[in-house]
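Please take these sequences and the hints and turn them into a complete structure.
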Amino acid sequence: MNTYLERLRYYQPEISKAFLETGNMLFFATLAAVVIGLPLGTLIFLTRKNGVMENKFFSFFFNGYVNVIRSFPFLLFVVALIPFTRFVLGTSFGTAAASFPLAFIAVAIYARLVEQTLLEVPDEVIELAYSLGASKKQLVFHFLYGEARSGLVLSLTSVIISMVSYSTIMGVVGGGGIGDFAIRYGYQRYESDVMYTMIVFMILLVMLVQLCGTLIARKMDKRKK
Amino acid sequence: MIAFEKVSKKFKQKNVEIRALNEVTLTIDTQEVFGVVGESGSGKSTFLRLINHLESPDSGEVFVDGVNFSLLNTKEQRKKRQKMGMIFQQFNLLGNKTVKENVDLPLKLQRRNEPDKIEQMLQFVKMAEKADQYPSSLSGGEKQRVAIARALAMGPEILLCDEPTSALDDQHTYEMIQLLAEIHHTFAATIIIVSHELEVIKALCNRTAILEKGKLLAVTSIKNDENFTHYENYYERVKEILG
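Taken in order, these protein sequences are the chains called A and B. The opening position of the first sequence corresponds to residue 1 in our numbering, with each subsequent residue numbered one higher. The opening position of the second sequence corresponds to residue 1001 in our numbering, with each subsequent residue numbered one higher.
Worth flagging that the hints you see were computed from the coordinates, not collected in a lab. Check before you lean on any hint, since a few could be wrong.
SDA-like mimics (lysine to any residue), calculated; alpha carbons at most 25 Å apart, straight line [stated by the list, open to error]:
#1 LYS49/A x SER59/A
#2 LYS137/A x LEU1054/B
#3 LYS224/A x ALA1167/B
#4 LYS1108/B x THR91/A
#5 LYS225/A x SER1136/B
#6 LYS1202/B x ASN1233/B
#7 LYS137/A x LYS1097/B
#8 LYS1075/B x VAL52/A
#9 LYS224/A x LYS1080/B
#10 LYS1083/B x ARG1112/B
#11 LYS1097/B x GLN138/A
#12 LYS1080/B x THR1186/B
#13 LYS1079/B x ARG223/A
#14 LYS1213/B x GLU1236/B
#15 LYS1014/B x GLY151/A
#16 LYS1080/B x PHE141/A
#17 LYS1075/B x ARG223/A
#18 LYS49/A x GLY151/A
#19 LYS1083/B x GLN1123/B
#20 LYS137/A x LEU1107/B
#21 LYS1006/B x GLU1199/B
#22 LYS1097/B x ARG223/A
#23 LYS1012/B x GLU1032/B
#24 LYS225/A x LYS137/A
#25 LYS1014/B x GLU54/A
#26 LYS1215/B x ASN1015/B
#27 LYS224/A x ALA1128/B
#28 LYS17/A x THR91/A
#29 LYS1012/B x THR1030/B
#30 LYS1012/B x THR1025/B
#31 LYS56/A x SER1056/B
#32 LYS1010/B x GLU1023/B
#33 LYS1075/B x GLU54/A
#34 LYS1006/B x ARG1019/B
#35 LYS1202/B x ALA1167/B
#36 LYS1108/B x VAL52/A
#37 LYS137/A x ARG1112/B
#38 LYS224/A x ALA1131/B
#39 LYS1012/B x SER150/A
#40 LYS1010/B x LYS17/A
In structure tokens:
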């Protein structure tokens, strides 16, 4: 037990660094999900067949993006994206470069979940918006997002949790993070106790994210008694 | 004045064409309380939705105060729609907004900040004390009153009511009839009520259109129900009716 604690203490700076890297990757991926994934999902909802802004071309294009990115094996996606990452960021190595493919995935997953959440909004809400003479922008911001807000938060929570999992393989492009640390020390150096400790940390992190998401969503949802 | 001239509307449902309205021609006078009755599937709701152009006619024309909606651009249509209040069978309140916020909604869409107006409308429908509650905690009758306050907030010239009492119990229906009569008296709006409940139409309307399978069978004048007595409360009414 003492040696275990000593080892943890020894690795503590590295562990802190790994947490910071994971936090960085999650932050950028989540930011991309909100800033790009939310509008993209909304557009998929609006341009669908019989949708408010039905448009076959855009619907095909947006859905295509989401389907292609989501069906790409993730590790291969990271590798395949390297030239593009290098083109945009000037490097294909490090935490920032690792956040880049993660952001693509986060956008695609959240866009799909946003579309599904908006499909749950009753037709009466859209009918009301029309009858009050709302513009399309007002329909989205005052009606759809307002009524679907708790679902949107829960979906984002799922995306963040998926990103925790996806981020673990970012060691391949030097992204670091908790997963990378666990593999390097636990798997490659046979220090299993360190690896299991990291896994427990990750489970706790996921539980914390889910708890926050559920609490916020519940607080926001006023539709039920 | 609202005028329908040979208005037809078709819907496609699973490749089967349904004639919702078939060459309907009629006029509704300004400040009239006009009823539309018919069985379900007779085209009543389509008739109402053609007035504020939530549906557009396949053929024929609908004029509201001489203006043909179909000839307006989207922005003008929205502006015109904002002058018409609409109330629905299922109330269509936003569950994540308080009573007050629901009533404020049409004003907010026009970037108007008029808290006094909201207060005044809530007073009128006797819901002021529940202004900060959410719709989930209200009864059906209360929800419909909030929906009415919302429809009135814009000071509509025309109030469209789509089965306003169908989801309500007997007592709330009675209260709704009283409230609609009061609205007509106070705001002098043209009110169009679509309903399959003949007593509601009889208690409120001057004339009614009778629709069957999309066809206008007749427009008849209604002899207003003289027996429609005002009771102070539910107990008084039960005592009178059952006693």
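Next item on the list: Could you check the structure against the hints above and give me the numbers of any it violates, in ascending order?
Entry: As far as the earlier hints go, 4, 9, 13, 14, 15, 17, 21, 23, 24, 29, 39 and 40 are violated by this structure, in ascending order.
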